[in-house]
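Protein chains: 2
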Amino acid sequence: MGNIKEMEDAFLEYLNEQNALREAITLIHWDLRTNIPKKGVEQRSEVVGYLSQKLHQMQVSDQMKHFIDELNGKTENEIIQKSVEECLETYEKNRKIPEAEYKEFVMLQSKSEAVWQEAREKADFSLFQPYLEKLVDFNKKFANYWGYEENIYDALLNNYEPGVTVKTLDDVFPKVRQALTDLLQKIQQSQVKPSTDLLQTTFPKKDQEALSIEVIKRMGYDFDAGRLDDTIHPFEITINLNDVRITTRYDEEDFRTAVFGIIHEAGHALYEQNINKDLEGTPLATGTSMGIHESQSLFWENFLGRNKEFWESHFELFKEHAPSYFNEVDLKDFYHAVNVVQPSLIRIEADELTYPLHIMVRYELEKALINGEIEVKDLPQLWNEKMEQYLGVKPSNDREGVLQDIHWAGGDFGYFPSYALGYMYAAQFNNKLRETVDVDEVIRSGDFSAIREWFTNHIHQYGKMKKPLEIIKDVTGEGLNPDYLIQYLTEKYKDIYKF
Amino acid sequence: MGNIKEMEDAFLEYLNEQNALREAITLIHWDLRTNIPKKGVEQRSEVVGYLSQKLHQMQVSDQMKHFIDELNGKTENEIIQKSVEECLETYEKNRKIPEAEYKEFVMLQSKSEAVWQEAREKADFSLFQPYLEKLVDFNKKFANYWGYEENIYDALLNNYEPGVTVKTLDDVFPKVRQALTDLLQKIQQSQVKPSTDLLQTTFPKKDQEALSIEVIKRMGYDFDAGRLDDTIHPFEITINLNDVRITTRYDEEDFRTAVFGIIHEAGHALYEQNINKDLEGTPLATGTSMGIHESQSLFWENFLGRNKEFWESHFELFKEHAPSYFNEVDLKDFYHAVNVVQPSLIRIEADELTYPLHIMVRYELEKALINGEIEVKDLPQLWNEKMEQYLGVKPSNDREGVLQDIHWAGGDFGYFPSYALGYMYAAQFNNKLRETVDVDEVIRSGDFSAIREWFTNHIHQYGKMKKPLEIIKDVTGEGLNPDYLIQYLTEKYKDIYKF
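Residue numbers (our numbering), protein chains in the order written: chain A, 1 to 499; chain B, 1 to 499.
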């Protein structure tokens with residue numbers, strides 16, 4: 001088997017080269033979103049284009065096909081076998097799209113994002129409409145190239161959450177929606193009316209930063225393998241497994257944006273920082289799906305960061321960093337204020353109870369679009385109707401309606417459901433975690449390592465060695481189950497709103 | 001000539017691809033020196049290695065040779081012709097070194113820098129000696145591969161300052177040294193004893209930064225095409241012509257480090273920001289030599305930043321940003337304090353008068369090393385002797401002696417003279433500039449555009465379209481001439497030290 005060994009080494013070397021391009025491209029993206037002076041962007045975009053093309057060429061090359069053919073099912077090295085499978089998927093997915101069409105799509109993507117930005121500023125959907133129509137058409141075509149069993153939209157879902165289908169979602173989403181709207185009704189009828197007014201005071205950026213850094217250090221975020229920077233739209237980005245960066249936006253009049261945002265991004269980062277380092281340089285060295293990734297960020301943001309025990313044991317830490325104004329604020333009022341439920345128009349500003357409803361609006365619309373059941377031109381009206389139906393609020397213009405998110409402008413359809421899936425996964429993990437870890441005690445101790453380690457053992461370390469549904473099954477012993485999320489939200493908000 | 005046109009386009013495309021790699025590598029270097037978390041460095045180094053190798057392969061490829069053969073002397077496009085010449089030089093220089101030897105050298109370089117760092121910390125030259133011996137040997141071998149007319153060291157000088165030879169330097173350096181040691185003697189005998197004590201007060205970083213930003217904006221540094229960051233060892237770096245970044249190190253107990261440092265790096269940056277944008281993507285889109293580059297940084301740092309008129313018209317601006325302590329300081333005392341002449345051990349901390357003497361110590365030693373006239377093992381002693389002879393100070397250990405600079409550890413021989421050449425060029429330019437621009441009046445106006453424009457017209461715009469000696473000749477009508485520097489320093493220090 002000397003030949004296999006040589007082939008394996010050559011394959012790993014080929015992966016390393018791709019990884020070098022990926023790492024350079026990723027650093028450029030980080031820089032584009034944090035540092036780059038505005039005049040430098042144009043030339044930099046050409047550079048990204050060139051490097052991405054090189055990477056793409058390697059992924060679909062005959063050389064790659066040769067490695068796959070020679071190694072698939074023949075190597076005894078598990079990391080190599082899984083890498084081969086991953087490469088095969090990428091190879092096939094890309095090979096199925098005619099090169100000319102893919103190029104056209106990539107050009108349309110970047111053009112569309114710019115047009116979307118303008119349309120959003122002007123709150124004028126009609127500018128964006130012709131681009132979105134083309135993007136939807138491309139997604140339909142691609143979905144057909146890729147193939148599917150039941151619903152064309154499944155082919156797109158598969159890009160973000162392999163194994164999850166329209167059937168999966170249509171099984172759980174209505175149940176979640178019903179439960180959430182019921183809860184929302186009880187909350188709105190409750191005599192308890194917590195207010196966020198008491199949170200409103202000027203909180204200097206540097207103090208918000210110091211507080212957040214202290215919290216994410218307790219979570220286990222490793223600043224020797226990452227950093228925190230300012231940006232407009234916060235994100236986590238993995239340049240390599242020892243360089244996992246997060247960013248945030250500070251609002252000095254509302255500390256929640258940065259503090260909960262940093263905890264959220266650090267949740268993503270903990271996943272990436274704790275992937276087995278043996279996977280570095282292979283396509284397995286990343287989170288296994290968008291949904292599992294989101295389960296990590298949402299766990300830390302909500303199940304820890306908005307937790308009662310957390311605030312009871314960390315209010316003193318908060319006050320050490322916060323303006324002295326908070327010395328007069330009552331802990332219970334504070335806890336209620338950071339958990340106020342209030343239907344609103346903007347997804348990324350939504351509270352944890354109404355958040356999934358925002359996702360369902362998007363899911364239903366994009367599923368219908370891809371299935372040809374509705375037309376792009378009708379989106380603004382349909383959006384507004386659904387918002388009113390699910391959340392009881394209605395956008396007064398397209399900026400706070402259908403134009404608020406960038407995903408569609410980037411050509412991404414099938415992505416949104418991951419946010420809601422991640423939330424359900426997080427609740428399932430939270431439930432399982434509490435069977436063996438005394439979470440309240442761990443929180444009180446101020447050192448959250450036991451929680452982080454549980455996630456590392458069960459999820460993080462595997463990177464893409466396990467598929468998302470395999471993770472869920474191995475960790476919880478069952479499949480996707482929305483009951484845990486419903487139960488969590490019911491208990492939490494019963495306690496707060498006394499219904 | 002249809003074929004030529006196609007060939008030209010293909011060549012420009014090939015250059016663009018190389019430029020994409022260069023831009024990615026450059027951004028990685030910037031990141032390595034400003035941002036990267038320490039655990040991320042190891043993997044990142046592999047990435048740089050891979051991308052650099054790809055770039056190198058393109059520079060010496062048969063494809064490149066083909067472009068050169070088909071276009072050299074045949075294209076009528078001047079930018080393409082000059083690019084071809086530049087590529088030919090790189091091609092030949094790299095092709096002359098056997099690949100195995102070059103690889104060995106690259107590995108030795110990075111190893112040596114790490115060893116040098118340790119040796120420097122421990123002030124123990126013997127650790128570094130065996131590495132330096134190999135580095136000197138490699139440089140000798142390379143110099144022989146590249147070839148030279150009179151002195152083997154010329155082959156190395158040519159890498160940094162094409163056209164300048166040992167003969168050039170040996171013609172001017174003794175004269176400069178004599179003049180500087182004479183001046184130094186007079187200064188030391190003078191009754192005037194300015195003190196830097198009055199500069200010593202705590203000057204908050206953010207105020208130093210605000211002051212420096214105001215000054216470099218007046219110089220014309222474009223923050224829409226650049227940025228200023230913190231680092232340990234300050235530098236200017238050109239990611240692309242619209243993304244020219246500078247860095248600095250702040251010492252709150254001595255504002256001179258950052259303030260003069262930022263002016264210096266901004267001088268480099270003005271050069272790069274004002275290169276003709278038509279050169280972007282070609283190897284001509286950078287400063288033409290180390291010496292000309294240094295003339296720009298030194299002009300702004302010394303000829304403007306340490307100028308009497310500058311402080312007379314800008315002391316108010318300084319005091320607006322400086323601690324109130326400075327309100328009590330006398331302008332004349334202040335001006336003298338930032339121009340104190342005091343022989344010292346460390347090159348980068350030297351005053352503008354003794355600085356060239358530090359360069360000469362290095363030049364004489366490396367010239368003798370490459371010519372086999374002295375041995376590496378004798379360097380510490382020879383260094384100390386020369387320091388005592390030229391500057392009258394003697395290092396008490398190798399850290400403040402022969403181990404202070406990184407250049408030799410990086411395998412760079414022939415680089416140091418550029419610092420002194422740049423200084424002489426700066427004085428020549430300063431003299432010429434003043435023939436047509438009323439520099440004192442421009443300084444008083446607080447808007448230095450007229451100076452920046454003069455440099456752009458005469459130097460910046462050309463990038464590498466002109467060789468350094470061509471620039472000097474075109475701008476000043478003569479060759480390298482040390483008299484202007486000697487005259488500048490004589491007049492300035494006569495005025496300060498009253499001799």
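Treat the hints with care, since some could be wrong.
Which copy? The list can't say, so a pair holds if one copy fits it or any two copies do.
Restricting the straight-line Cα-Cα distance to at most 27 Å, the calculated cross-link-like pairs of lysine-lysine (DSSO-like) are [said to hold, decoys possible]:
hint: 1; residue 1: Lys141; residue 2: Lys467
hint: 2; residue 1: Lys39; residue 2: Lys466
hint: 3; residue 1: Lys5; residue 2: Lys65
hint: 4; residue 1: Lys134; residue 2: Lys377
hint: 5; residue 1: Lys54; residue 2: Lys122
hint: 6; residue 1: Lys308; residue 2: Lys332
hint: 7; residue 1: Lys39; residue 2: Lys277
hint: 8; residue 1: Lys74; residue 2: Lys206
hint: 9; residue 1: Lys205; residue 2: Lys38
hint: 10; residue 1: Lys65; residue 2: Lys394
hint: 11; residue 1: Lys332; residue 2: Lys175
hint: 12; residue 1: Lys103; residue 2: Lys5
hint: 13; residue 1: Lys277; residue 2: Lys473
hint: 14; residue 1: Lys175; residue 2: Lys206
hint: 15; residue 1: Lys38; residue 2: Lys277
hint: 16; residue 1: Lys103; residue 2: Lys38
hint: 17; residue 1: Lys5; residue 2: Lys492
hint: 18; residue 1: Lys111; residue 2: Lys277
hint: 19; residue 1: Lys498; residue 2: Lys193
The hints are simulated quantities; they were obtained by calculation from the structure and are not laboratory data.
Now the hints, each set against the structure:
1. Lys141 x Lys467: within (26 Å within a copy, 55 Å between copies)
2. Lys39 x Lys466: Classified as between: cross-chain Cα gap 26 Å, same-chain 43 Å, threshold 27 Å.
3. Lys5 x Lys65: within (17 Å within a copy, 36 Å between copies)
4. Lys134 x Lys377: Close inside one copy (12 Å), not across copies (71 Å); limit 27 Å.
5. Lys54 x Lys122: neither (37 Å within a copy, 45 Å between copies)
6. Lys308 x Lys332: Within one copy only: 9 Å inside a chain, 64 Å across chains, cut-off 27 Å.
7. Lys39 x Lys277: between (38 Å within a copy, 12 Å between copies)
8. Lys74 x Lys206: neither (55 Å within a copy, 61 Å between copies)
9. Lys205 x Lys38: For Lys205 and Lys38, the Cα distance is within 27 Å both inside one copy (24 Å) and across copies (25 Å).
10. Lys65 x Lys394: neither (51 Å within a copy, 65 Å between copies)
11. Lys332 x Lys175: For Lys332 and Lys175, the Cα distance exceeds 27 Å both inside one copy (31 Å) and across copies (81 Å).
12. Lys103 x Lys5: between (36 Å within a copy, 26 Å between copies)
13. Lys277 x Lys473: within (24 Å within a copy, 57 Å between copies)
14. Lys175 x Lys206: neither (43 Å within a copy, 55 Å between copies)
15. Lys38 x Lys277: between (36 Å within a copy, 16 Å between copies)
16. Lys103 x Lys38: within (26 Å within a copy, 38 Å between copies)
17. Lys5 x Lys492: Classified as neither; 55 Å inside a copy, 72 Å across copies.
18. Lys111 x Lys277: So Lys111 and Lys277 pass the 27 Å test across copies only (24 Å; inside, 37 Å).
19. Lys498 x Lys193: For Lys498 and Lys193, the Cα distance is within 27 Å only inside one copy (10 Å; across copies 80 Å).
Violation of the numbered hints given earlier is confined to hints 5, 8, 10, 11, 14, 17; the remaining hints are satisfied by the structure.
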